[in-house]
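Put chains B, C and D on the given structure of chain A with help from the hints.
Protein chains in written order, with our numbering: chain A, 3 to 390; chain B, 486 to 692; chain C, 4 to 229; chain D, 7 to 130.
If you are wondering where the hints come from, they were derived from the structure by calculation, not from laboratory data. One thing to keep in mind: the hints can contain errors.
No more than 35 Å apart at the CA atoms, straight line, and that leaves these computed lysine-lysine pairs for DSBU-like [said to hold, decoys possible]:
{"no.": "1", "chain 1": "A", "residue 1": "Lys310", "chain 2": "A", "residue 2": "Lys195"}
{"no.": "2", "chain 1": "B", "residue 1": "Lys517", "chain 2": "B", "residue 2": "Lys642"}
{"no.": "3", "chain 1": "B", "residue 1": "Lys653", "chain 2": "D", "residue 2": "Lys49"}
{"no.": "4", "chain 1": "B", "residue 1": "Lys647", "chain 2": "D", "residue 2": "Lys44"}
{"no.": "5", "chain 1": "A", "residue 1": "Lys310", "chain 2": "C", "residue 2": "Lys116"}
{"no.": "6", "chain 1": "B", "residue 1": "Lys517", "chain 2": "D", "residue 2": "Lys44"}
{"no.": "7", "chain 1": "A", "residue 1": "Lys312", "chain 2": "C", "residue 2": "Lys80"}
{"no.": "8", "chain 1": "A", "residue 1": "Lys254", "chain 2": "A", "residue 2": "Lys310"}
{"no.": "9", "chain 1": "D", "residue 1": "Lys49", "chain 2": "A", "residue 2": "Lys57"}
{"no.": "10", "chain 1": "A", "residue 1": "Lys254", "chain 2": "C", "residue 2": "Lys116"}
{"no.": "11", "chain 1": "A", "residue 1": "Lys312", "chain 2": "C", "residue 2": "Lys76"}
{"no.": "12", "chain 1": "C", "residue 1": "Lys77", "chain 2": "C", "residue 2": "Lys182"}
{"no.": "13", "chain 1": "C", "residue 1": "Lys77", "chain 2": "A", "residue 2": "Lys312"}
{"no.": "14", "chain 1": "C", "residue 1": "Lys182", "chain 2": "C", "residue 2": "Lys203"}
{"no.": "15", "chain 1": "C", "residue 1": "Lys77", "chain 2": "C", "residue 2": "Lys11"}
{"no.": "16", "chain 1": "D", "residue 1": "Lys44", "chain 2": "B", "residue 2": "Lys642"}
{"no.": "17", "chain 1": "A", "residue 1": "Lys312", "chain 2": "A", "residue 2": "Lys195"}
{"no.": "18", "chain 1": "B", "residue 1": "Lys517", "chain 2": "D", "residue 2": "Lys49"}
{"no.": "19", "chain 1": "A", "residue 1": "Lys254", "chain 2": "C", "residue 2": "Lys11"}
{"no.": "20", "chain 1": "A", "residue 1": "Lys312", "chain 2": "A", "residue 2": "Lys254"}
Residues from chain A shown here face chain C by an in silico Cβ test under 8 Å; the list is partial [what the hints assert, rightly or not]:
{"no.": "21", "residue": "Phe62"}
{"no.": "22", "residue": "Glu70"}
{"no.": "23", "residue": "Ile234"}
{"no.": "24", "residue": "Val248"}
{"no.": "25", "residue": "Pro319"}
{"no.": "26", "residue": "Val320"}
{"no.": "27", "residue": "Gly321"}
{"no.": "28", "residue": "Glu322"}
{"no.": "29", "residue": "Ala323"}
{"no.": "30", "residue": "Glu333"}
{"no.": "31", "residue": "Gly335"}
{"no.": "32", "residue": "Tyr337"}
{"no.": "33", "residue": "Ile339"}
{"no.": "34", "residue": "Ser340"}
{"no.": "35", "residue": "Val357"}
From the three backbone atoms N, C-alpha and C, an ideal C-beta is built for every residue, glycine too.
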Amino acid sequence: MSATVQTLEAIERPPVSMGSRLEGELLEVSMGPQHPSTHGVFRMNVALEGEVVRKLKPVFGYLHRNHEKLGENMSYLGSMPYTDRLDYFCSMTNNWAYALSVEKLAGIKVPERAEYLRVILAELTRLQNHASLLGFLLNDMGAWGTPLMYAFREREKILDLFESLSGSRMMCDYMRFGGCRCDTPPGWMERAKQIVDRFPHFIDDLEQLVVGNEVVIGRTQNVGILSPDLAINAGIAGPMLRASGVNYDIRKVDGYGFYPRFKFRIPLGEHGDTYDRLMMRVLEMRESLSILKQAFEQIQPGPIMNPKVKIRAFRPPVGEAYGRIEGPKGELGFYLISDGGQNPYRYRVRPPSFVNLTVLEDLCLGHTVADVMVILGSVDIVMGEVDR
Amino acid sequence: MTEPIDERLRSELQQHGVWVTSMQELYNWGRKNSIWPLQFGLACCAIEMIATAASRYDIARFGGEIFRPSPRQADLMIVAGTVTKKMAPQIVRLYNQMADPKYVIAMGACAISGGPFKQGYNVLKGIDRYIPVDVYIPGCPPRPEALLHAFMELQRKIDSQKLSGADKAEHLKPEQPSEFPVPLFGEHDLESSANPGVFHPPEIERA
Amino acid sequence: MESLEQIKARAERAVSGAQIAIVPNPGPAQQSSLLIDNEHAFAVARFLRDDPTLRLDFCSNVTGVDWLDRVVKKTVKMKRLVDGEEKEVDETTEEKIPGYLEAVYHLYSMTHKHGPVIIRIRTRDRGDGARLPSLTTIWRSAEFQEREIFDLYGVRFDGHPDLRRILMWDEFVDYPMRKDYREPDDYEWEPTPHDEVLEKAKRHYTQRPELDGAEKITAGGDALNR
Amino acid sequence: MTPNPYLFIVIFVGVALVFPLIPLALAWLWRRFFQPPKPGPDKTSIYECGVESVGDAHIQFHSQYYLYAIIFLVFDVEAIFLVPFAVAFTGLPIGAFIAILVFLLLLVEGLVWAWGKGCLDWEH
Chain A
3 MSATVQTLEA IERPPVSMGS RLEGELLEVS MGPQHPSTHG VFRMNVALEG EVVRKLKPVF
63 GYLHRNHEKL GENMSYLGSM PYTDRLDYFC SMTNNWAYAL SVEKLAGIKV PERAEYLRVI
123 LAELTRLQNH ASLLGFLLND MGAWGTPLMY AFREREKILD LFESLSGSRM MCDYMRFGGC
183 RCDTPPGWME RAKQIVDRFP HFIDDLEQLV VGNEVVIGRT QNVGILSPDL AINAGIAGPM
243 LRASGVNYDI RKVDGYGFYP RFKFRIPLGE HGDTYDRLMM RVLEMRESLS ILKQAFEQIQ
303 PGPIMNPKVK IRAFRPPVGE AYGRIEGPKG ELGFYLISDG GQNPYRYRVR PPSFVNLTVL
363 EDLCLGHTVA DVMVILGSVD IVMGEVDR
Chain B
486 MTEPIDERLR SELQQHGVWV TSMQELYNWG RKNSIWPLQF GLACCAIEMI ATAASRYDIA
546 RFGGEIFRPS PRQADLMIVA GTVTKKMAPQ IVRLYNQMAD PKYVIAMGAC AISGGPFKQG
606 YNVLKGIDRY IPVDVYIPGC PPRPEALLHA FMELQRKIDS QKLSGADKAE HLKPEQPSEF
666 PVPLFGEHDL ESSANPGVFH PPEIERA
Chain C
4 MESLEQIKAR AERAVSGAQI AIVPNPGPAQ QSSLLIDNEH AFAVARFLRD DPTLRLDFCS
64 NVTGVDWLDR VVKKTVKMKR LVDGEEKEVD ETTEEKIPGY LEAVYHLYSM THKHGPVIIR
124 IRTRDRGDGA RLPSLTTIWR SAEFQEREIF DLYGVRFDGH PDLRRILMWD EFVDYPMRKD
184 YREPDDYEWE PTPHDEVLEK AKRHYTQRPE LDGAEKITAG GDALNR
Chain D
7 MTPNPYLFIV IFVGVALVFP LIPLALAWLW RRFFQPPKPG PDKTSIYECG VESVGDAHIQ
67 FHSQYYLYAI IFLVFDVEAI FLVPFAVAFT GLPIGAFIAI LVFLLLLVEG LVWAWGKGCL
127 DWEH
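Here chain A stands alone, though its shape is the one from the complex:
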């Protein structure tokens, strides 16, 4: 370890007062940018007493790719492919959030079929995001690799749908201001229906294996408890917020897109611990499936692009707009200020993972190092979105 051998006198030990509890010194450890379970380049400076966490300071910026500076130097449509690289698990919902904000900025209407397609693609993205998250979370808990293989098998099926629709597996760049880029190829709807009909088997296996499993219960219950008022005050959104029992889902609150046309329920947790967050994702997958089934029945052929919107020299009127959607990780918002030119004057992304990490220290204090990984896994961060 350290090269120099310190003689006994040289080591100034703090005076150990026999009366007080024998305190151990704090060990400064950096769970650094390259770590198997930090889901990317996320670093935490952890002060450990033995194996118990006493202080935890997250460090960001290792993937700060200057998304907003680039957004200001490009046209509105130019930064649409960059939104795929924000949260690189859910490119469709990123596109929708950006398209929604620009449509609010410029006052553009979207035809009916495009709205239905957007709901279908957003719910498919939510399915594969929650499946991957559960795979990674169980991976962090020690089930090395196996649940991730099952989750990625489901994810591959959905990526095939995205690829046949938009041409790329992960970076779909599919939505435009005022609709979608292209209509579904023949047979796409049937394939999507088959996948949605077979998806419950995956959730049943998962629930059978995971939900009742006492190792998972032992590792996640009463770990990282988030109280409802701290969650609201810290701006937490998405499944993490609903796990603490706060009924706030932007699909119901804002009613954007065609979500008011579908009947679906919002799962709520009671304790706000990691087990509830895990269960939120499992239950939300079931709700997404019911939305998808309703959407498949109601969708009708029709135009998918608002003809009046100019693609080339698109100049929204002067003004500003803040549009937000319920992304799989929370509230994803875009705040755009337009000065009438081709480039936005200010292009701001409100990332859910970045704000959800505000309470990471509060959740992890007092837990062991192994629990920190499980808590971080349940917060579900993606570094492309945290660092932008």
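Here is chains B, C and D on its own, set in the frame of chain A:
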């Protein structure tokens, strides 16, 4: 050991049940079929790397499915994702801490030259400014098949490495450095914006 | 939810001496905002959060915006005596607005589930006097986002519990998201530059050697024997 | 002539010694002839997730870990004593069985005392 065994002789002996090989072939055959990558993902390309390691595009068919978290046990560093200037010193330090026959795959346009984020103030324009890169894979993100192709390309490269003689493999030469200076954080940019010993950009005749 | 004017009136009544102005939003989004002066921003923000009918307890988004010095041309219809008779002529008056840095807060209410109330606080100038009151002690969600504004725009938030750089490395000195920021120039080895990157790479091209006497003759030569 | 009964053990120890030494010798030969080691300041630095490690790991740990280690050590040694007993278990009279039970009882009584004293309960 200098010139390879001619194939006719080898196949003839094989008919009589005698297998002929050389130390170099054995050494390279063993190394190329069990490359252990470093568990190290930066951005979207890392997700495609995980998809490659998953069951559909299975990298285990090429012997590379054991992703080692610690650089001490890894032979291959797949730089998968955008290399930012804040992350560059860490990547070079990890490369220095890897055991010696080590290889680097620059996966994705970002690791090769900054990719779509090239004009960002915090984005390093390519990882080959600081560490030597063996295989480049274009794409944003490259498909899992492209990563498998890069893996095979790397195996071909390992197979052709000599064990002795003038042009023997880099890691066998005593004078070849096995670690490179870690860039420092400056006030406006990284201290040395590139490592001249490693970074040999093509001399392009400007019109 | 009440209209912005009612909120403004009640806020000014609740916090004595607060100067709140309504910043109209000309775009179709119709999301106008309240501009609050720095001294009373903290008190007004607490009022917006604790008022029973408003209950804006969810600060969703905190954004930094950099406004450079602007010259706003206003054309206004003026009556002018033009060679004898009255004539309508539009007069363009130029108005210089000094630049400032701005923090925009989007507030929602989770209890009443009603929409965005946007408040803006502006700094005096863009130099080192850029200071703003921090609202982190009211909405904890502003903690990281205010640190990001400090990191990328250079606005010091007074009262922020832990104001340090969040995205850039600590030794970094300038504020990259400002409009007048010049990024470091490492474009010297561009194999295939085009448009903006071409201009940046051009600064590194070695100048072509000047045509000395001999080439001039040969260059001019073909003009002779054409 | 019948082989010496201990011959088996001698061969066993010989193989046990030679078996690990072969790869070590191979590694040393490889190092000597083919691949010269290239240690450097960065290569031998402490690996801490890519970041320069700050501070020292030789710090004062909480006393609870020490108590756990002691209790484990006691039962580890006990297992060593049980192994020869278990091997020759079938040929032993009742008296030996009673003796080993007393031995076990003493140690378990130590565990009960430690448990009662609260050395085992882990408080965060």
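Unsatisfied constraints (hint numbers, rising) | none
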